[in-house]
Amino acid sequence: MSGKRKLITFWRVIRNGAVNFIRNISLAIAAMAIMVVTLTIVLFSWIVNSTFTHTINQITGKIDISVYLNDNVNQAQTGKLLKEIKSLSNVASVQYLSKSQVLAQYEQQNASNKQLIEAVSETNNPLPATIIIKPINLNDLESIKNFLDQPKITGLESAPTSYSGQEKEAIDRITHATNVLREIGFIAVIVFAIVSVLIIFNTIQMAIFNRRDEIHIMRLLGAGTAYIRGPFIVESIIYGVLAALISILIINSAFQASSGTLQASSLGLLDINYANTFFTNHFLTLLTAQVGIGMVIGAVSSFIATRRYLKFKIR
Amino acid sequence: MILLDRVSKTYSKSGKPSLDRISLHVEPKEFVIVVGQSGAGKTTLMRLLTREEKQTSGKIIVGGIDYDKLKDKEIPILRRKIGVVFQDFKLLPDKNVFENIAFALEIVGVSNSEIRNTVPKVLDIVNLTGKESNMPLELSGGERQRVAIARAIVRQPKILIADEPTGNLDPKHAWDVIKILEKINRYGTTVLLTTHNQEIVNKLKRRVVTVKEGKIVSDRAHASYKI
Chain A
1 MSGKRKLITF WRVIRNGAVN FIRNISLAIA AMAIMVVTLT IVLFSWIVNS
51 TFTHTINQIT GKIDISVYLN DNVNQAQTGK LLKEIKSLSN VASVQYLSKS
101 QVLAQYEQQN ASNKQLIEAV SETNNPLPAT IIIKPINLND LESIKNFLDQ
151 PKITGLESAP TSYSGQEKEA IDRITHATNV LREIGFIAVI VFAIVSVLII
201 FNTIQMAIFN RRDEIHIMRL LGAGTAYIRG PFIVESIIYG VLAALISILI
251 INSAFQASSG TLQASSLGLL DINYANTFFT NHFLTLLTAQ VGIGMVIGAV
301 SSFIATRRYL KFKIR
Chain B
1 MILLDRVSKT YSKSGKPSLD RISLHVEPKE FVIVVGQSGA GKTTLMRLLT
51 REEKQTSGKI IVGGIDYDKL KDKEIPILRR KIGVVFQDFK LLPDKNVFEN
101 IAFALEIVGV SNSEIRNTVP KVLDIVNLTG KESNMPLELS GGERQRVAIA
151 RAIVRQPKIL IADEPTGNLD PKHAWDVIKI LEKINRYGTT VLLTTHNQEI
201 VNKLKRRVVT VKEGKIVSDR AHASYKI
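Protein chains in written order, with the working numbering: chain A, 1 to 315; chain B, 1 to 227.
If you're looking for bench data, these hints aren't it; they were derived computationally from the structure.
One or more of the hints may lead you astray.
Said to hold, decoys possible - Below, computed lysine to aspartate or glutamate pairings styled on DMTMM-like, alpha-carbon distance capped at 20 Å:
| # | chain 1 | residue 1 | chain 2 | residue 2 |
| --- | --- | --- | --- | --- |
| 1 | A | K4 | B | E114 |
| 2 | B | K90 | A | E214 |
| 3 | B | K95 | A | D213 |
As the list claims (entries may be wrong) - Only part of the chain B face toward chain A is listed, based on derived beta-carbon distances under 7 Å:
| # | residue |
| --- | --- |
| 4 | R79 |
| 5 | R80 |
| 6 | K90 |
| 7 | A104 |
| 8 | I107 |
| 9 | S111 |
| 10 | P120 |
| 11 | P157 |
The beta-carbon is built from N, C-alpha and C at its ideal position, and this holds for glycine as well.
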């Protein structure tokens, strides 16, 4: 076949697929509905996952170790201590705040509470100079703890070291919950993808059955395999594309609906605002991925169905 | 044009062969009638020629194509070279006359402008000009069969196979169809016609091949037909 004829045939295959889609709409709706559910789950899991990751990173970033120095520690001792802490393996950063810096920070943080500020300024700055250590790995604080627990260092401290220990436990719980949710999402996606494939498979099987006379005539008139098979594959790719668009619309309107009622309140770990921003910022990526997944599910299932039910071999 | 050399077809392993070592040679531009009662093997012969079935043994060469060397994916190419007309017309009920004929051109990638050019010409040959937009169900049996013939010849095949094309038609319409087949033959197409209509055979005065119980029992030029 010449190039021009191939092109004409290609367009006819696409057009016939679209026509078949319309002719087959009652069957197509069932196939698309299950695909919409699948793709919505994919999209939802994706957004929830990235929102959790974001939340964990945010909380993790706040975890630090504070060493409170007593007022007798001189500059040389402080310098030596800072140097020693920096040389520890699990330390990401070390920050020294002098007494006046701590006071300034305290005043800033409690700007709304005048009584507290007055209480502090009446005395001669009771707040200690502080060394803030950010660890690299939250699960390995032992090496830092061992170092700070040495008597020569505890002797310099005005108060016991603060480890943000409770926050660590909270993070562990969140991470665990996220992992569980991730697994549930993954399994749900797989299960629904398989169900989608089976239903599309069935739909195409029905379509082949409904059009068996036409297919037989096409064969007798010398239609090539691709010309007979192509429209079925195009048809189920259309299911995928439409289902992807519908699932994006569903998630979009869910955000629209939630923005009014839930914006102020926080849904615990699920930061709706972040999820919404993520959806908006990554809209094109998400759309492309959804359409891509829909097309692949459609194409694969009808490829298998046509291979199985359009018997291309003769006896 | 058509060459069959000791061709047999058996459907089940133990059963009697539907065709038993048939040899037949048809020259280009010939008009050959294959006669025989139902079950004699006429339809099996046609199905072998269109490669709906594969022969059990023997050699088939049509238009230079050796069926033994034909791969499954080359079958469409073979079928594009042969025009086929069936007893039950095999028209698409949801397409009109024009679309049914255009269908044969669409599947081989002919452009729309060429289709608009070609279809009226074949409609003229089968005397159906003006019926382009009729649906098959609005036509008489004879008209439907002429649409099917138009569809079979629109790609200008060298060979036209007509399997009992008059089987479902009354005598008047049957004769209309036969006259069109003769016209197509005059234009240079080899025609292979199967029928069990004695009157048509006798009127046509063409080469007659008689098939009985899977065997060719006679092959005569300008013959008449007796059972």
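Status of each hint after checking the structure:
A C-alpha spacing of about 13 Å is found between A/K4 and B/E114, which places the hinted pair at or below 20 Å, so the restraint holds. For the hint pairing B/K90 with A/E214, the CA-to-CA distance comes to about 9 Å; that is within 20 Å, so the pair holds. A C-alpha spacing of about 13 Å is found between B/K95 and A/D213, which places the hinted pair at or below 20 Å, so the restraint holds. Satisfaction of the interface hint for B/R79 is found here, the shortest Cβ-Cβ separation to chain A being roughly 3 Å, below the 7 Å cut-off.
Annotation: interface hint on B/R80 holds; nearest CB of chain A at approximately 4 Å, less than 7 Å. With a cut of 7 Å, the hint placing B/K90 at the interface with chain A holds, because the nearest CB-to-CB distance is about 5 Å. Taken as an interface hint, B/A104 checks out: its beta carbon lies about 5 Å from the nearest beta carbon of chain A, inside 7 Å. A least Cβ separation of about 4 Å between B/I107 and chain A falls short of the 7 Å threshold, and the interface hint therefore holds.
With a least beta-carbon distance of about 6 Å to chain A, the hint placing B/S111 at the interface is held under the 7 Å criterion. Nearest Cβ of chain A to the Cβ of B/P120: about 20 Å, over the 7 Å cut. The hint is violated. Interface restraint check for B/P157: the shortest CB-CB distance to chain A comes to about 10 Å, outside 7 Å, so the restraint is violated.
Violation of the numbered hints given earlier is confined to hints 10 and 11; the remaining hints are satisfied by the structure.
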